[in-house]
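If you read the protein sequences in the order shown, they are chains S and L. The first sequence maps to residues 0 to 646 in numbering that gives the first Met the number 0. The second sequence maps to residues 0 to 496 in numbering that gives the first Met the number 0.
The set of hints was computed from the structure by calculation and includes no laboratory data. Beta carbons: idealized from backbone N, C-alpha and C, even for Gly. Heads up, a few of these hints could be off.
[To be verified] Here are the in silico distance ranges between beta carbons for each label pair:
{"id": "1", "chain 1": "S", "residue 1": "464", "chain 2": "L", "residue 2": "445", "range": "52 to 62 Å"}
{"id": "2", "chain 1": "S", "residue 1": "562", "chain 2": "L", "residue 2": "210", "range": "23 to 33 Å"}
{"id": "3", "chain 1": "L", "residue 1": "280", "chain 2": "S", "residue 2": "573", "range": "44 to 54 Å"}
{"id": "4", "chain 1": "L", "residue 1": "443", "chain 2": "S", "residue 2": "352", "range": "27 to 37 Å"}
{"id": "5", "chain 1": "S", "residue 1": "417", "chain 2": "L", "residue 2": "443", "range": "34 to 44 Å"}
{"id": "6", "chain 1": "L", "residue 1": "325", "chain 2": "S", "residue 2": "571", "range": "50 to 60 Å"}
{"id": "7", "chain 1": "L", "residue 1": "102", "chain 2": "S", "residue 2": "14", "range": "31 to 41 Å"}
{"id": "8", "chain 1": "L", "residue 1": "460", "chain 2": "S", "residue 2": "527", "range": "39 to 49 Å"}
{"id": "9", "chain 1": "S", "residue 1": "58", "chain 2": "L", "residue 2": "16", "range": "43 to 53 Å"}
{"id": "10", "chain 1": "L", "residue 1": "17", "chain 2": "S", "residue 2": "549", "range": "41 to 51 Å"}
{"id": "11", "chain 1": "L", "residue 1": "44", "chain 2": "S", "residue 2": "549", "range": "42 to 52 Å"}
{"id": "12", "chain 1": "S", "residue 1": "573", "chain 2": "L", "residue 2": "16", "range": "38 to 48 Å"}
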Amino acid sequence: MNGAWLWLLVGVPGAAGMLLVVLGRRADRVAPAVGMVVGAGVVIDAFALAAGGPAVSAPFVADARFALAVTGLSAVIVPSVAVVALLVLVFAAANPEGGIAAAPARFFGLMLLFLAAVLVTATATALPALLFSWEIMGATSYALIGFRWQQADRVAGGMVAFLTTRTADLGLYVAAGAALAGGSMDLNRLPELTGPWRDVAAAGVLVAGLGKAAQLPFSLWLSRAMSGPSPVSALLHSAAMVAMGGYLLLRTSPLLAATGWAGNVAAWVGASTALVLGVVAVAQRDLKQLLAASTAAQLGFVVLAAGVSATAAGSAQLIAHATTKALLFLVAGAWLGALGTKALPALTGVARRWPVVGVTATVGLLALAGAPPLSLWATKDGILAAVLERSPVLAVITLAAAAMSAAYAAVVLRIIWARPTPDAGPEIKAHFDEEEAGTRRVPAAAQSVLVPLAVAAETLGVLVFPPLAGRWAITVGDPGRPQPGPVELAGSAVLVLVVIALVMWRPPPTPGWAAGWLGLEGAAHTMIVRPTLAVAAALARFDDAIVDGTVSATGRAALAAARLADRVDRSGVDGAVTGVARGAARLGRLADRVDRSGVDGAVTGVARGAARLGRLARRPETGQIYQYYLQAVLVLLAAAVFLVWVA
Amino acid sequence: MLTVIIFLPLLVAAVLALLPNTATSDRVARWAWLVLTLAEVVLVGLLWAGYSAPPAGQLAAGQHVAWLPGVGVSYTVGVDGLSLPLIALTAVIFTACAAYAWREQHRPRAQAALFCFLQSMCLGIFAAGDLIIFFVFFDLSIVGMYFSILRWGHGQAARSALKFFLYTFLGSLVMLAGFIGLYVAAAPHTFDMAQLVRQAPLNGSGWTGGAVLAAIVIGLAIKTPTVPFHTWLPPAHTDAPAVGSAVLAGVMLKMGTYGFVRIAMPMLPQAWRDWAWILLAVGIVSALYGALVALAQNNLKRMIAYTSVNHMGYVLMALGAAGLLSGSTTGRQIAVTGAVVQMVSHGLITAALFLLAGVLHDRKGSYSLEDYGGLAEPAPRLAGLMAVAAFASLGIPGFSGFIAEFQIFTGSIGTAAVSAVALLGILITAALFLRALQRMLVGPASGRSVGFTDLRRPEITAVGLLMALSLILGVVPRPLNDVIEPAARVVLAQVDR
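One chain only, chain L, in its complex shape (with noise of 0.2 Å):
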């Protein structure tokens, strides 16, 4: 079933791909996609549904085929409490995505193909349990991402397109270079997930660790992206289209802090507690420097941008400090809970923050705030949502994030008193959140406000949707945490060999 729920998508992109360049084809393209996306949630669904915790150090749901014996790669796939949420995740946003983008002019065939190729690769890397399939489906989301920047983009997408990618790819081959390491120190030598954590092969190997670590937590921090590898991150937002930016923040920035949490803390238990005050320096470091950032921004998606800088820099700070034993092993379990919670939340939120932002570029062509003011009259419903989702993602309580950050700083705090630093964090992102919205949305329109068109229904769906289930975890929160508090155990206890 998990092997379908991967594929399905590759399949649908490779029959769309196919098809003639016609009218035709981009109408069947949008309904295709419409319901491959939902097909794919209502897959995922039945996988939560019939889901259990597996045993320590396994995956549920697992599928196990030899694919290159000599090097001991195989394809191993599978879902526990960190990856089912991450999947379920990518399965929503790219509904709305697709949902979003229903009245897409610019070549909608090729864009939908290449997004359920995205989608195929973005659950690949989530459900891989082998780290050679992880890899090549990591890289090649990134080639995917690439074109959705490259083709459906604006401004100097070419460049920035570029940098993305070289970036986010130099960053994966440090990241195959540390997967090389552990495969080398592994005894017998391999690639799979399981046996790797099983093994820790690198416990009390001393530097060699530390360096396989390294190369593999750069690579991570690349992508995630933390201080100071971040500088990709604006540029490319910025000149994305809506729906690229919105899969690109809400499921491809979790790639990184995923990794952290799959791979770096289980397989090498040792080192990550060695270099736990770094990566929580890191993390907080993150949290308070994306904020400011953002607080100077002008135009409205190189803030968002900024601020998932500081939203990945809690979880940083929560998987540092989940790291330090001097904290009390609930205390970082909750840390641990809390930070892939706010993957999910993080994912939710600025993913409906950037379809938004796309709607003001589609309307005007501009993202700058100070070409807006008073949309509120206008376009209420926009500057509704607008309000609504930002409130959620400086982590107003009843919205997701909340349940996200209180967890990562009751967890943090509680570890590593020095976490509460990362709490004027929320104080920042807070100020620069209500400064956007004074300068865009209220008074009497002015500039571009005037004569702009209100959010229409494929929008309004799309948004509601992310915002309507950030709500419902931010209220009810235990489906959620239930799933991810015993995964969360295991990766504690893996941590502490």
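Okay, chain S solo, but in the shape it has when bound (with noise of 0.2 Å):
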């Protein structure tokens, strides 16, 4: 394969998602279209690239190339985030809701683009490409997420999307600096930095990598950003963003593993987050919410996948769940678009109504809730299996985690399929059309999308069962693991029938911190963005009082001093003069009477005067450069003060 098609894989995308955004209104009819056609060839690009496993570098910034390759990892990566992005562009174009149709120039435009940083941070093997690619990412979701601009609380959301991950961000900056101070900026070669810089750029990536991938305590991002539309969170709040920053840190464990403690705290973090953002989705009264939390609880066993060297299965998961994800998302757009509505009580028996949507809607939501033999259920027992080895408290909270799943699956199972009772109607009516008006229908395109979805969600499972999974270990570069046995199997299996069991039988309790995402959002403007603005409105006062006040005062002292010396001029020195010429005089009358006496004395005395004065007139021409710049000064301060006098 020719390395010129890696560069087309990128190129071609970023270029027209430009040109769309740059043409906007005048290339609104043709869009759609591009998208599609852009994102089929993507797809085709990518599969024959996984095949073959070109690198392509070109010479960059910092002694650093722009280095791309399809190898390992990004070989299973690559063709996925394609395959996901071009069915959430065919569906977009068929069910153009969130103020898509408005605007399809911008949207599609914007949709390329981002694919293309996706696809550069997917294959970059060096850090100067993934950072490029990493922060346009977040600048094109912040975009994305407050598309519908008339809405100022919508680009709200992306600002702290946006800013919330650029704080993650910075790691990478830092990692980039220890890279090179360490070394070598290559990925692979960062496990072998020299001296304190491999823990610095281990830190810089791991929070980098648990910003993006929306872990605690960076989530609250995650909820904000469903204020875009809905294929905007199929693509960057499943397959694309936030699964990046799960596949950095796969990416990048045997960096995290070198340093013996980065590889603990992303194995940590990974599991807290997987428990408690899944108590936070189970709370949630919003479709979209629930899904977003969730996304971060499922990126949170990729995490603890990354944290524990379980390579293979983690990137299992990442890739079931990109394709589950991707799904449910569309299906709530489907929702959103056809009622206008996201909030769950309003989706009371919505499956029944739709049922090509109720059930490749169920099939994702039991897919996500781990049930066998579905594709989650197998790689999150990839993952448990290798977690075991590491540690059994470890491997408590992974299970406690993984019923969370089955818990909020089935919180939104129970209500979609839910009869609803005659009394109800009315009510579930008052929410339709409350976010947008809904067109009550579905249309057949975007069903039609819904369906290889599915069926990726069914059946991804198969990665980690032999006798793929000891191909797709090899792939990804990480064989040899210890694979899910049949009662680890079995037992999962029960644990997740048991909790969707128990909530269809009755609703879990949904606890005020957890509907609130922990009042994360609020701690972030407590602790850091309202101090931050007082310190700033206070320097600024200091900078204007104070900085500024010293300035003028200065100036001022300047003017005084001014003042004070054309006083002296005028009393003392004018006086002086005065009293000179009146001396003269007196002295012209004394030379009076002495040229009577001795008119060559006095001519002999004025040429030697006259003498006298020519030398005093050269003086200042020294050739000493100082008494130059003395005058210089001087007279330069003599036009400072005539230029504030004339002002």
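Please dock the two separately framed chains into a single complex, following the hints provided.
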């Protein structure tokens, strides 16, 4: 496979996306078609590249090259991202909900730009290219979340998402500096960095990965990111941006492991997020909010896998979750477009109304729950097997988190299949169109996109079972890991089924702290945003009053000194001059007298005086540069005083 | 050729100044200004095309004419990897200004003449190979900018112009004192930059070198400006016309930072190394302080002005780090390269931001963030370009700012880990720009946004040109880096003596 195809993989969506955004309105008509054609091309190219595995690079900055390759982990991530992206683009074209219809060129342009950034992130083999695309993902996601800029709170959601992830992104800048100082910015060679630089780089990469993957304490941004149209969430908050956080940590798990501490931190943060955000998900009363919390929780398993170096199981979980969650976000979008709401109570019995949507949603939810034999059941058990080897406590947390997955999936299942009681009808309908005007229909093309995603959500679990497991592990560079045994598989299956049954029987409690996403955003405001703003305001006052005040006071003092000099000049110097003149006149009279007595002597005297004056006049012309300078300063100061006076 | 590039605008300025005061002259002046700036771009393009890195310590395309041989002053000009990018930047920014000012109604002929004069001075500074030539151009550019603010400014223009003039002029005098210190120390006495670099006359002189460096650094720091010498900048920007602000931020601030790499570092290497920690600290403080104070601003122009303090802080931080021998040569060299890229990048992006801010004043007479809301509705092009420029300024990859800051930070952090603290600057900058966008652009149109006229063609052309260049340099950084890197290596070798 020629390396040019790899450049095209990232270049074509990038260029097409930029063109659509710049052309704007003028490209509205062709934008959906361009989006889908480019998306399809990316899929074909991605699969071809995954089979061939070329590497390309171009000179870039900081003695490093812009290096891309489709090998190992990226060879499995790139095709899956491409497929999800294509399906999402088709869905968005068929079901342009969430203001997409009003500005299709901007939407498809930004989505393609975002896709290009994700593909660079997934194929980057060194930190410069990685950081380059990493932050473009953040910027395009800001624009996509705030897509409907007419509603200021949606753009504010984009701002919260961008600033939170950028806070974490600073880690990558630090890591790049450490990598340069420690030897190499090549991702594969990070574990060989010298001295403390390896720890610094690991810490930086870890923070950046946790931020993008919406792990604790960064999870809050994902909640605000739900302000974007559903197709945005389907791509960004399932297969791509959030997933890239997990991907980065899987990719650098040798570095995390090499430090001895970073892997453990990742494992514990991942497991905690899986559990806590699972509880948060259970408590949500808005479908997209529930899915968002579940995304953070599911990515928690990926991060946990990265922490315990279970790359094969972790990447299987990443891909299985990507397809499952993309499916569910699209389902949410379909219902939102039809009913104008995503409030869970309003979705009572909705699965019966559009059966294709309902059935695919059910497959997705069961997969999310970890129900056997669907994909996430198997991948999660793969991770659990690796965790069991590491720490029993961690394994218990992981199991509890798995139970939470089952619980929140069941919460949705319970509602969408419920038969509404006759008197509940008006209450449900009251929610309709509360967010936007629903069309009361789900286009057939949009429904058809859901089917392949559901099939993937069903079957991707095969990746962790023989005979595929071995090849998978070799592809992602992680052979020889423990596989889940039959007892573990059966045990987790029973656990999940029991939890689902329990929730179906009686809805779980919804603690307020969980419903409000642990109050993370409020805490960030109280602890970071408000103090920063207060410091900024105080510094601005300081700047005006003290720094600038000192300058102004100095200026005023100089003026006062000038006035004083002026007074001295008038009374003293001028007086002296007058006195001298008077003296000269007297002298003149004296000279007159002398003249009469001896003209000759006087002539000689004048000549002598003139010569002396001439010498005096030449005095400033000393050739001594500092004296020139002094004169220049004096003249300039005089000019300055003059200017002040004129002004 | 270089001399032609420098003085052609001055010639045009003289001709324009002599034209009779009629409407026809105004039209001629607009055309003449635009054609001149385009011609300058072409000439600089030719210069760039024919450029190859000169040997260490020498300038390419040089010219040397004795002027005041008695005091060792000569008309010496030339370019290298440090000055060529800034000369190109100057040509581009003045072109954008000529396009932007196409509809200027207030004494267009005089403005065209003034800006042609200014362009000559700015080009002269970057091309100068003699300290006195540098100083003369430096001071005359201050005079030109003074009149630009005074005559075409608004608000408290007279006061701001005077403050700008006195402060930066005073700075130039302090700098001149430093130059004279170098002259006196050199044997034979000379103001020739190349000779002074070769001699590094104050190496091993103890406190004298430090004192001379202090004079030069303070003079340049006022111009850059760094904390605490920055307070002339916000009022000057706020009350300056849009094109004045663009030139002031885009070109004239670089005279300060350029002076560090061109004069202070290579001529006073030992002193620079001795005081590198202080310079690094001032850079970090400027970056954070500028960003925080910008965050608290309600006036768009003041806000952008303070982000300049932040961005120039990164430059000084990188140059300070480059003076620390503890770091690796590679890292320090990357820091210097990043600093020069940042000069170019900041010039393009901040000039674009100031031109956009100027549109607000032109339409509705206010820069206050509170006066606008939902501007994207009546003025989608303005909103789009402002968002793009804001993201470019906060260092998003794809634009030149990222290339600059990535190199500055990777180079500096490895040399002095404390530089990582300044990373908070890029976070605060992101916050302040997004907050400004949030307040001004989104939601329903309110306040002065109602009935706002979107960008006109000259304005789009001017801003589009600057942003397109920033984009190209952000995606294809090699052409610029290839020119700067050899020069950065030379500077570093000179610092290490």
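Now the hints, each set against the structure:
{"no.": "1", "hint": "S/464 to L/445: 52 to 62 Å", "result": "holds, 60 Å"}
{"no.": "2", "hint": "S/562 to L/210: 23 to 33 Å", "result": "holds, 32 Å"}
{"no.": "3", "hint": "L/280 to S/573: 44 to 54 Å", "result": "holds, 50 Å"}
{"no.": "4", "hint": "L/443 to S/352: 27 to 37 Å", "result": "holds, 35 Å"}
{"no.": "5", "hint": "S/417 to L/443: 34 to 44 Å", "result": "holds, 39 Å"}
{"no.": "6", "hint": "L/325 to S/571: 50 to 60 Å", "result": "holds, 58 Å"}
{"no.": "7", "hint": "L/102 to S/14: 31 to 41 Å", "result": "holds, 34 Å"}
{"no.": "8", "hint": "L/460 to S/527: 39 to 49 Å", "result": "holds, 41 Å"}
{"no.": "9", "hint": "S/58 to L/16: 43 to 53 Å", "result": "holds, 47 Å"}
{"no.": "10", "hint": "L/17 to S/549: 41 to 51 Å", "result": "holds, 44 Å"}
{"no.": "11", "hint": "L/44 to S/549: 42 to 52 Å", "result": "holds, 46 Å"}
{"no.": "12", "hint": "S/573 to L/16: 38 to 48 Å", "result": "holds, 40 Å"}
Every hint, counting from the list given before, is met by this structure.
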